[in-house]
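As a plain string of letters, each chain reads:
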Amino acid sequence: MSGGEGPIRRPASARRLVVIGVTLVVLLSPFLWLLQMSFKSNELILQFPPPLIFTPTLQHYASLWQGAFPASFVNSLMSASFSTALALGLGVPAAYALSRWTGRGKHALGFAILVTRMAPPIAFTIPFFLFYRWIGLLDTVTGLVLVYTSFNLPLVIWMMQPFFDTVPSSLEEAALVDGASTRVVFLEIVLPMVAPGIAAAAILCFLYAWNDFFFALILTRTNARTAPVAVVNFMNYEGWEWGKIAAGGSLVMAPVLIFSLAVRRYLVSGLTAGAVKG
Amino acid sequence: MSGNGFIDAERRRFNLIALAPSLIVLFLIAGLPAIYLVVTSLTPFQLVNPGSATDFSAPFRNYRLLPDDPRFVNSLWVQAKLSFWGVLFQVVLGMLLALLLHTQSRVVEFARTFFLIPMVLPPIVVAIIWKLIYTPDISPLYYAAGLLNIAMPSLTSSVNFALTAIIIADTWEWLPFTFLMVLAALQTIPDEFSEAALVDGANRVQIFFYITLPFITPILLISAMFRLIDSVKAFPLVFLLTGGGPGSVTEVTNYYAYLLAFDFNEIGYSSAVTIVMLLLVVAVSLGVVWMGRRREAMA
Numbered sequence: 007m008s009g010g011e012g013p014i015r016r017p018a019s020a021r022r023l024v025v026i027g028v029t030l031v032v033l034l035s036p037f038l039w040l041l042q043m044s045f046k047s048n049e050l051i052l053q054f055p056p057p058l059i060f061t062p063t064l065q066h067y068a069s070l071w072q073g074a075f076p077a078s079f080v081n082s083l084m085s086a087s088f089s090t091a092l093a094l095g096l097g098v099p100a101a102y103a104l105s106r107w108t109g110r111g112k113h114a115l116g117f118a119i120l121v122t123r124m125a126p127p128i129a130f131t132i133p134f135f136l137f138y139r140w141i142g143l144l145d146t147v148t149g150l151v152l153v154y155t156s157f158n159l160p161l162v163i164w165m166m167q168p169f170f171d172t173v174p175s176s177l178e179e180a181a182l183v184d185g186a187s188t189r190v191v192f193l194e195i196v197l198p199m200v201a202p203g204i205a206a207a208a209i210l211c212f213l214y215a216w217n218d219f220f221f222a223l224i225l226t227r228t229n230a231r232t233a234p235v236a237v238v239n240f241m242n243y244e245g246w247e248w249g250k251i252a253a254g255g256s257l258v259m260a261p262v263l264i265f266s267l268a269v270r271r272y273l274v275s276g277l278t279a280g281a282v283k284g
Numbered sequence: 028m029s030g031n032g033f034i035d036a037e038r039r040r041f042n043l044i045a046l047a048p049s050l051i052v053l054f055l056i057a058g059l060p061a062i063y064l065v066v067t068s069l070t071p072f073q074l075v076n077p078g079s080a081t082d083f084s085a086p087f088r089n090y091r092l093l094p095d096d097p098r099f100v101n102s103l104w105v106q107a108k109l110s111f112w113g114v115l116f117q118v119v120l121g122m123l124l125a126l127l128l129h130t131q132s133r134v135v136e137f138a139r140t141f142f143l144i145p146m147v148l149p150p151i152v153v154a155i156i157w158k159l160i161y162t163p164d165i166s167p168l169y170y171a172a173g174l175l176n177i178a179m180p181s182l183t184s185s186v187n188f189a190l191t192a193i194i195i196a197d198t199w200e201w202l203p204f205t206f207l208m209v210l211a212a213l214q215t216i217p218d219e220f221s222e223a224a225l226v227d228g229a230n231r232v233q234i235f236f237y238i239t240l241p242f243i244t245p246i247l248l249i250s251a252m253f254r255l256i257d258s259v260k261a262f263p264l265v266f267l268l269t270g271g272g273p274g275s276v277t278e279v280t281n282y283y284a285y286l287l288a289f290d291f292n293e294i295g296y297s298s299a300v301t302i303v304m305l306l307l308v309v310a311v312s313l314g315v316v317w318m319g320r321r322r323e324a325m326a
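If you read the protein sequences in the order shown, they are chains A and B.
By the numbering used here, the letter at position 220 of the first sequence is numbered 226, and the numbering carries on one by one without gaps.
By the numbering used here, the letter at position 66 of the second sequence is numbered 93, and the numbering carries on one by one without gaps.
Excised from the complex, chain B in its bound form:
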């Protein structure tokens, strides 16, 4: 098969030519910045003090400061609360919505598309939408509360409700994602399963817990992981609705890193905060890849 050997060699050369430009560009615009971020995190670099960019006299100083920085520790805790409640609501509500819309009907199939709107909107528009809802003068929410004689506090500037306000907006924005994932999973469940169960006298609740739920559990976990990773990026909502406040009640790590770098000019320290965040994201990503492989192996 000498012909095949020739083809293989030609194919290898083609693969190399096709891959090389992407790899080079990715290295330049993603690899180098990542390396630079690590390097900067080892310096006390401040924009006002250019000499500090190459000061490696105490490389791990930033990282040693982190555990004792109450604002950093608080930001991790805020992030954990936002991620936990946001992901939980998105998965549960998304699943319920998928179950509701998992039916054979042309009208419903057409309607599905409109349920996706919150997710595809530019995140900053989502933030504007909720800014309108949370601003007492112009909000139908406050008007309705007034009609019912409920004295509603200004949600986004209240210590008790600010984070909840962000969780509500975040859930609204990303619920369509879990909905879409679960719906896709539901459509792969063979009808015979539930039909056999029906014949055997099972009721709807039993079918849900013994057939549907086990079937969609992997996809629920995977959607949760993806949302968990992306929840770290929540920026426009915090930026526009609360600005991290009141105090630092809604200051997530991402926002703290942003303030450090572009408000306080602490580039070096901000880089260290970002690296820690990046490591957390990589850990979760590894989990997703591992679960994806296991799922493929099971299928």
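Isolated chain A, as found in the complex:
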């Protein structure tokens, strides 16, 4: 499989390591700029040349903590968690069934799911907005959970199928011949074998919902406003408080950074939504 790990190793030369290091610093510098700004006082932010060493302050984080920001953080957390749970509960058994499906219509169904995943969010926003306005789900966490499930459920089904494909069917057949029901085989033999896949799918679902800006911008106002929308509101309504904006941005990206480092191996398969193996 991985030829690069063959018997002959090509160690990185010192020159290459230097080039890699410089590239990394240049590439990450915009990101690091945001991070350091969140720890600077407002006077320091405007000071150029920027001081290399300064006394970090937590004043922006503290003022965020006192405002409405924590509530929006909780909204983000709740809508992302519930939609992840819903998508896994529905999608994992469906992915298993699809993986073992031999009948016709598998490809058509797979394509329909892929399109759901690829569709630009605006396609769903207009119908959801009108429908929510009608039944009163605008500006509720429930409303967000439903919308997020519309892209997380296809993601789970697509992502979990290859995991189920790798479980040898001889294992299941042996248990079935011994008289176990398909349900028991699924719950007690197959599921434990794909546990890493479920964990990866769960984290990706959470991240996609957490990262959403567009749906929350349109479908929420104040009660269910999520953290990404709240950060942008600092810009519009509270003047240009750069320190606070940087601190808010840093808080929004913190869970994402931690989680994605945990699932980096699955990032590609999740992003390509299973259309490409590997």
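Keep in mind that the hints were calculated from the coordinates and are not lab data.
Every residue, glycine too, gets a C-beta built ideally from N, C-alpha and C.
Relax, there's no trap hidden among the hints.
Facing chain A, according to a computed beta carbon distance under 10 Å, are these residues of chain B, among others:
(1) L43
(2) A47
(3) L64
(4) P145
(5) V147
(6) I155
(7) I160
(8) I165
(9) Y170
Which bits of chain B does chain A cover? Going by a derived footprint, with three or more residues having C-beta under 8 Å, they are:
(10) 32-39
(11) 48-61
(12) 129-138
(13) 286-294
Using the hints provided, position chain B relative to the given structure of chain A.
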């Protein structure tokens, strides 16, 4: 084998029970909205005029208006420019980065993870990051330009540079994606190929063009297609950096549809714009599926 027949029947019943809830939910939260979008696109629906939601007297009026709407035509052109340059830079730079990092070293393997950061950041945080870089008062970029005596225009409000500013931010955000895809492909190239070529006296450039490049071409194409599909969704960058401006220089179709529906309240017309966009995405998706199958068939 009557036992197997029984097992098969039981399995079919289980499959149905496992699939049904997902299919029903998908129909409700994805199928119905799609149908509703098509229906609304056939009406002149405006939020201020509720009766217009069911007015089907001129069903194709919205679609007939589209070709003569200069803002819509312009938005397609802006989208094409953004997608073309963005995808091109992402594929080329991502490939170069993958070649650079395709080496055996624990340090490099550890460093790879950090190259992925831009891609996993919430898109709105990426937009904030570039907003900071593009705002003259607080930007190290403008400070550096000042040191070098370069008079830099305000990038995001300049007719000439606004789209470029978005392309730069978009490339920064998604370069790790192509990097990751190409790196995975590079790791499947058997060492023997390049070793044999080395023995035969080939140099590094020749190895790249005759062995590596043909090997990774399919993955380059597939990454490009995926980025092409996703580039249609570019919203936070446009929303936060330029707001579609100056004028409509950076107004992509997605953003125009958003303005139509939620600023101008032209729900019906916006739905028609969205449907056209959706059809374009489906066409590209079909291409991806087709290429994926062909690749599987070749392997």
